[in-house]
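Asks: Here is what each chain is made of, one letter per residue.
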Amino acid sequence: MNPIYLFFHKTGSPPWFYKYSAYLIPWLWAGFIILAAIGLYQGLLVAPPDYQQGESVRIMYLHVPAAWMSMMIYGMMAIMGIIALVWRIRIMEVMIISSAPIGAAFTIIALVSGSLWGRPTWGTYWVWDARLTSELVLLFLYFGVIALYNSFDEPRKAARAASLLSIVGAVNLPIIHYSVLWWNTLHQGSSIGTSGNSIDTSMLWPLLYMAVAFKFYFGANLLSRARLRLLKQDHRKRWVKDLLAEGKN
Amino acid sequence: MSRQSASTAFSALLRRDFLLAYRRRAELLQPLVFLLVVTTLFPLGVGPSPQLLANIAPGVIWIAALLATVLSLDSLFRSDYEDGTLEQMILSDQSLSLIALSRIVAHWLVAGLPIVLLSPLLALWMNLPGEGMSILIQSLIIGTPVLSLIGAIGGALTVSLKRGGQLLSLLVFPLYVPLLILATSAVSSAVAGLPYTGQLGLMAAGLIGALTLAPFATAAALKLSLS
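Going down the list, the sequences are from chains A and B. All letters in the first sequence, in the order written, are residues 139 to 387 by my numbering. All letters in the second sequence, in the order written, are residues 118 to 344 by my numbering.
Please keep in mind that the hints were generated in silico from the structure rather than gathered at the bench. Check before you lean on any hint, since a few could be wrong.
Only pairs whose alpha carbons sit at most 27 Å apart, straight line, appear in this in silico DSS-like list of lysine-lysine [said to hold, decoys possible]: (1) 379(A) - 148(A); (2) 279(B) - 295(A); (3) 148(A) - 370(A); (4) 353(A) - 157(A); (5) 279(B) - 370(A); (6) 370(A) - 353(A); (7) 340(B) - 279(B); (8) 157(A) - 370(A); (9) 295(A) - 340(B).
Because the structure is a prediction, the values reported are computed rather than measured.
Extracted from the complex, chain A is given alone in its bound form (with noise of 0.2 Å):
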């Protein structure tokens, strides 16, 4: 067998997947754990308060990583559910619906740090600005997904239309940010950027390393999930059946 086909054949069985699984968790968790506390330790004590906000800017080493997720993560689910329903791999259908949760989390996150943070500078709680607004759309089509999945008894067929719906919002994302941005705006430009930052680097590095503690975070969260998520699928596969009885030995 082509020695592709043969990798994505492999990481698409699930006692394979289970297996080699477990040696990736810990190392994941022990990425998050030393990147974060770095990232915090930089971000808390570390670097200057802002000159204009003071000590409130320190949440955005929360809150700008983990709006960030919350984007990256639908956007992943999207690609998964072009896999999930073009090869029917089923590791994909597991994961999809193994990272919406995580990514509603970090929505929220985002959506309750960022409202904590604009009472000191905004001095309101929730504005009905671009950005909190597509963030909260987003949040939707997060419970949407969720919900979807939810309400079929089949989990393969609950995992597909789950994979169609995050597809189709994808789609509309873009749009619906836009629309939004060009509606109402009192939020801050993007800081980050292509064309170049506008941020100190002694604060951009802080912000780096908890926006990858987080993708750590994301990971060994999404594949214990999955581990868990396929377990119950499969309680009465031969596979799990031969897991547990070594597990007895």
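On the provided structure of chain A, position chain B as indicated by the hints.
Replies: Below, chain B without anything else, positioned relative to chain A:
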């Protein structure tokens, strides 16, 4: 049996849908009555001040149109699903996307177009200034097909669920956000004497995009619901 051409199949399906709609007239009226009742609630809720009503008129009419459309979407594929027609449609040698498109067109003609026709009355009730009237109608003509197209994806995804109606609204309302923003802004701009063609142009782009992509997504969702 020889293979029917796509256009024959399309028009046969449309005829069938109109006949079915005609025989279920009372059911079709429900979303429209709902539209009128919801719009009536707003003046009662926020007060009858003509200026206030004129300010919120575009939003109220459009939100009422969204709600009425979602109400009618639940039945879009349901009866076909329950009596097995949908399975026959999937088994037929015609493209399922085309079948879905004909169903969507029929839905717009019996559920979307009446909203457009009722909108002058709603605008009158909401005291919408005369400058906004024709733009409101234009925005509804461009926008309601998009509501049917995007809504059909949600309807197809939830067709096999027993209580799909509530879920359907959760699925499609976030997707309607850009349309609502553009449409209400076009009408408000027209009332304020500002240019509004940009918003209408973007809505038309949305219509073309939805017309191109939504039938395929609907067909995929239908296949999935029946698997």
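Asks: Quick check: which numbered hints come out false for this structure?
Replies: Per hint list: zero violations.
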